[in-house]
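Q: Between the sequences and the hints, there should be enough to build the whole structure, so can you do that?
These protein sequence lines map, in sequence, to chains Y and F.
Under this note's numbering, the letters of the first sequence match residues 1 to 357, in that order.
Under this note's numbering, the letters of the second sequence match residues 1 to 499, in that order.
Since the hints were derived computationally from the structure, they do not count as laboratory data.
This one's a predicted model, so the numbers in the text were calculated from it and none came from an experiment.
We treat Cβ as the ideally placed atom computed from N, Cα and C, and that holds for glycine.
Any given hint could be a false lead.
To be verified - Below, computed lysine-lysine pairings styled on DSBU-like, alpha-carbon distance capped at 35 Å:
| hint | chain 1 | residue 1 | chain 2 | residue 2 |
| --- | --- | --- | --- | --- |
| 1 | F | K171 | Y | K81 |
| 2 | F | K171 | F | K369 |
| 3 | F | K230 | F | K338 |
| 4 | F | K308 | Y | K305 |
| 5 | Y | K229 | F | K230 |
| 6 | F | K338 | F | K171 |
| 7 | F | K108 | Y | K81 |
| 8 | F | K308 | F | K171 |
| 9 | Y | K229 | F | K369 |
To be verified - Rough simulated footprint, nothing fancy, chain F against chain Y, three-plus residues with beta-carbon under 8 Å:
| hint | region |
| --- | --- |
| 10 | 28 to 38 |
| 11 | 266 to 276 |
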Amino acid sequence: MMSDTDTLSALQQQVREAFESTSPLAITGSGSKSFLGVPGKGTPLSTSDHCGVVSYEPEELVLTARAGTPLDELEMLLTEKRQMLAFEPPRFGRGATLGGTIACGLSGPRAPYCGTARDFVLGTRILNGRGEYLRFGGEVMKNVAGYDVSRLMTGAFGTLGVLMEISLKVLPVPECELTLILDASASEAIDRMNRWAGLPIPLSATCHTDEQLYLRLSGPEAAVAEARKRIGGDNMEEGKSDFWAALREHTPGFFNGPESLWRISLPSATPPLPLSGEWLTEWGGAQRWLRSDEDSSRICETIAKNGGHTLRFRAGAKAPEAGPPRLSGPLLALHRRLKQAFDPAGILNPGRLFPES
Amino acid sequence: MNPVANNSRSWQPDDTDREDLLRELRRCLAADSVLSDPEALAPYECDGLSVYRRLPLAVVLPETVEQVQAIMRLCARLKVPVVARGAGTGLSGGALPLADGVLLSLAKFTRVLEINPLERWARVEPGVRNIVISESVAEHGLYYAPDPSSQIACSIGGNVAENSGGVHCLKYGLTVHNILALGIITAEGEYLRIGGLAPNNPGYDLLALFTGSEGMLGIIVDVTVKLLPKPEYAQVLLAGFPSLGAAGTAVGRIIAEGIIPAGLEMMDNAATRAAEDFIHAGYPVDAAAILLCELDGVEAEVTAQTDKVRGILEGCGADHLQTAIDEAERMRLWAGRKAAFPAVGRISPDYYCMDGTIPRRHLAVVLEKISRLAEEYSLPVVNVFHAGDGNLHPLILFDANREGELAQAEALGGQILEVCVEMGGTITGEHGVGIEKLNQMCVQFPEPELRQFHAVKAAFDADGLLNPGKAVPTLHRCAEFGAMHIHHGKLPFPELERF
Ligand SMILES: Cc1cc2nc3c(=O)[nH]c(=O)nc-3n(C[C@H](O)[C@H](O)[C@H](O)COP(=O)(O)OP(=O)(O)OC[C@H]3O[C@@H](n4cnc5c(N)ncnc54)[C@H](O)[C@@H]3O)c2cc1C
Numbered sequence: 001m002m003s004d005t006d007t008l009s010a011l012q013q014q015v016r017e018a019f020e021s022t023s024p025l026a027i028t029g030s031g032s033k034s035f036l037g038v039p040g041k042g043t044p045l046s047t048s049d050h051c052g053v054v055s056y057e058p059e060e061l062v063l064t065a066r067a068g069t070p071l072d073e074l075e076m077l078l079t080e081k082r083q084m085l086a087f088e089p090p091r092f093g094r095g096a097t098l099g100g101t102i103a104c105g106l107s108g109p110r111a112p113y114c115g116t117a118r119d120f121v122l123g124t125r126i127l128n129g130r131g132e133y134l135r136f137g138g139e140v141m142k143n144v145a146g147y148d149v150s151r152l153m154t155g156a157f158g159t160l161g162v163l164m165e166i167s168l169k170v171l172p173v174p175e176c177e178l179t180l181i182l183d184a185s186a187s188e189a190i191d192r193m194n195r196w197a198g199l200p201i202p203l204s205a206t207c208h209t210d211e212q213l214y215l216r217l218s219g220p221e222a223a224v225a226e227a228r229k230r231i232g233g234d235n236m237e238e239g240k241s242d243f244w245a246a247l248r249e250h251t252p253g254f255f256n257g258p259e260s261l262w263r264i265s266l267p268s269a270t271p272p273l274p275l276s277g278e279w280l281t282e283w284g285g286a287q288r289w290l291r292s293d294e295d296s297s298r299i300c301e302t303i304a305k306n307g308g309h310t311l312r313f314r315a316g317a318k319a320p321e322a323g324p325p326r327l328s329g330p331l332l333a334l335h336r337r338l339k340q341a342f343d344p345a346g347i348l349n350p351g352r353l354f355p356e357s
Numbered sequence: 001m002n003p004v005a006n007n008s009r010s011w012q013p014d015d016t017d018r019e020d021l022l023r024e025l026r027r028c029l030a031a032d033s034v035l036s037d038p039e040a041l042a043p044y045e046c047d048g049l050s051v052y053r054r055l056p057l058a059v060v061l062p063e064t065v066e067q068v069q070a071i072m073r074l075c076a077r078l079k080v081p082v083v084a085r086g087a088g089t090g091l092s093g094g095a096l097p098l099a100d101g102v103l104l105s106l107a108k109f110t111r112v113l114e115i116n117p118l119e120r121w122a123r124v125e126p127g128v129r130n131i132v133i134s135e136s137v138a139e140h141g142l143y144y145a146p147d148p149s150s151q152i153a154c155s156i157g158g159n160v161a162e163n164s165g166g167v168h169c170l171k172y173g174l175t176v177h178n179i180l181a182l183g184i185i186t187a188e189g190e191y192l193r194i195g196g197l198a199p200n201n202p203g204y205d206l207l208a209l210f211t212g213s214e215g216m217l218g219i220i221v222d223v224t225v226k227l228l229p230k231p232e233y234a235q236v237l238l239a240g241f242p243s244l245g246a247a248g249t250a251v252g253r254i255i256a257e258g259i260i261p262a263g264l265e266m267m268d269n270a271a272t273r274a275a276e277d278f279i280h281a282g283y284p285v286d287a288a289a290i291l292l293c294e295l296d297g298v299e300a301e302v303t304a305q306t307d308k309v310r311g312i313l314e315g316c317g318a319d320h321l322q323t324a325i326d327e328a329e330r331m332r333l334w335a336g337r338k339a340a341f342p343a344v345g346r347i348s349p350d351y352y353c354m355d356g357t358i359p360r361r362h363l364a365v366v367l368e369k370i371s372r373l374a375e376e377y378s379l380p381v382v383n384v385f386h387a388g389d390g391n392l393h394p395l396i397l398f399d400a401n402r403e404g405e406l407a408q409a410e411a412l413g414g415q416i417l418e419v420c421v422e423m424g425g426t427i428t429g430e431h432g433v434g435i436e437k438l439n440q441m442c443v444q445f446p447e448p449e450l451r452q453f454h455a456v457k458a459a460f461d462a463d464g465l466l467n468p469g470k471a472v473p474t475l476h477r478c479a480e481f482g483a484m485h486i487h488h489g490k491l492p493f494p495e496l497e498r499f
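A: Dropping the structure here:
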């Protein structure tokens, strides 16, 4: 049975009161991603009861659901129609909701080939920091009326508005999917991931770990078969194809250890970098994971020098500093003004994404 | 805080102020890059929506980022409004100058700065024409996917500012899906870099916010675009249908079958005839509607999908079905569609192009409503349609030399857009609001949303100097529009000169 309840009026009331009394709210869905970034401070405002699918039109490739709808429910519904959320959002816990997924803006292994969360957001309904219920974008693929506030909400961690309803573009499940495994060093793997992405090969995920390169191919049978011949390597055993789901959810052994887990974002062809620790490379070389106790400022500086940036995803047992601030100068000032524009009293998840004063 | 009030300007120049501004502009850049005689200004008086024309105080043609910064600092100090202009092909009056403002043309920024074939991106200046990007990277087997029909002329900066689409955006996305980073000069003249070559940029998705912002938030001075591998093979199917409804059903079926064609375009009978007369593409001129469906990929894949799509088209009642026998025929079939606007230009002294988007399932109803409105206004409407993503381009035929017809055409256009909103769609899919659709913005968005837009604008441009008066209507205007809405045939901008 799908959940279906509308708690708009209660939530709106709560935000209005918070606005009037300037008291901060900590927006939560299921809490599955509360480990990310700076913890929220304030009275909890839970969107998890505001749930249910508002509309789903498989022929239009559009789905609209309330923020509290569990991702698992959405995926069940989509699977029935052989469709999917192509950005493969990670759950990181039971009960992960659509609202939290879009607010955190995280995407899975298919992202570099199909698009990240924001690429699929068509419209949102939000409560801004004054408690006004606003609608941006819509349920159509092309829409340039007004600023693209819906995509702006993606990855804003609720600091600009409480996400209430989200319309997403969905895609058909590929006809055929298989994973190939090849032996490769890190630098060979990075080179191949990049070269193959420049050829008409239906890549849908890539990962390098433990001297092995994993490549997922997705598409019509004929396209996958031809690419398979071109690439070579071994087929991953049937049934092991949940390798990618496990990677997405950070369940393989790699992700578990006492060290801090860093998410490293880089221009995709950057060669392996001399930072000690365990590396896993995905997204065609553009997203890498480093498990390391190395000094955080050294990590951040090294990555910045290579044109990338870092996020300490999970703090290790030794929990070194999280690194220098991720935003500064005129860009930080602009972020603060935008925050003001949506949330003049500064009550929505203050400080969750960047220091607001 | 009242963000709307922040947008007020205080530049009300007299002749001395104008002279002073021109003198100072000539200090920022070479004298021949500052135009001020009416004759030199004339080519800049309008964009592709030529019913609105106005001369700016000055046109500036900088060629370095530093010059753009100097111009913006000067204009910020004097509170002079600035309108950016790319190639001027926009169809909503977004690049229409302001009478006492500066028109900043990016036409001299035409360099491809860097190409990285391995990482599949190119960094280019904003004045680079869309098609030049694909031409410049073709030797690497790569291309830039968004392909507006105006691609030989329009600039990448304009594409970003409008979030332009093309016939291939159903499968490959719009501009917003195909860019990585922008260099921006703010209203104060500061350089900001947003987005980047690495994913997961910290902070808000300013890249998305900037895309489609119609020159209201900053001047784009460099664009890094994503490049895709060129598909090995492409095939196009042409189908003729006895009714628009049947063609619409076929579109939904194809997508429900899990096929995302590279392009899926529809034309009604009138558009088909006009295109056929002009290009001789071999279209069935008796069909009520034709569909063009392009499939791309490796050859075996395309062949398999072509068979599948053929079956679906037949099942939906197509009575003309044709697969291009070679590349020349494929190009010819597309040429008819790509030339649809000029083809319509041959059958009518003037035409007015609309750009609404609707949920596709309502296609038949919307076209029915459009044809009823067309009758009511006694103006023919021809329909060209990015069918895959629900983006309609009704072309209203009129003759501007006939007293009142332009006003009638504009009123009809407004009504068509309102039908799109009523059916759950939007007033603009890719051409932007500009000055043209300000009234319909009042229909699509209630006051609190409009206020929110103004607040976003103020966060970037507190003095309201960047392209003021475009894209988002003032609340005052919407109130007035609400009051006069019932009277058909009123000119939306009586103060503007029209031809
Ligand atoms: C025949 C024809 C066919 C067309 N087909 C399509 C189509 O298929 N799809 C589609 O989407 N559009 C289409 N268009 C519309 C138009 O070509 C696009 O909107 C295009 O992106 C405009 O680019 P431009 O360089 O001409 O911009 P301009 O018209 O010069 O400017 C457009 C807007 O962008 C702003 N701007 C321009 N450059 C910058 C910059 N560097 N920084 C900040 N703001 C800037 C301007 O202020 C203005 O608001 C068509 C137009 C014509 C005439």
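Q: For every hint, state whether the structure bears it out.
A: Going down the list of hints, with the structure as the test:
no.	hint	in the structure
1	F:K171 - Y:K81	holds (19 Å)
2	F:K171 - F:K369	holds (29 Å)
3	F:K230 - F:K338	holds (20 Å)
4	F:K308 - Y:K305	violated (51 Å)
5	Y:K229 - F:K230	holds (19 Å)
6	F:K338 - F:K171	holds (18 Å)
7	F:K108 - Y:K81	violated (51 Å)
8	F:K308 - F:K171	holds (18 Å)
9	Y:K229 - F:K369	violated (53 Å)
10	28 to 38	violated (count 0)
11	266 to 276	holds (count 4)
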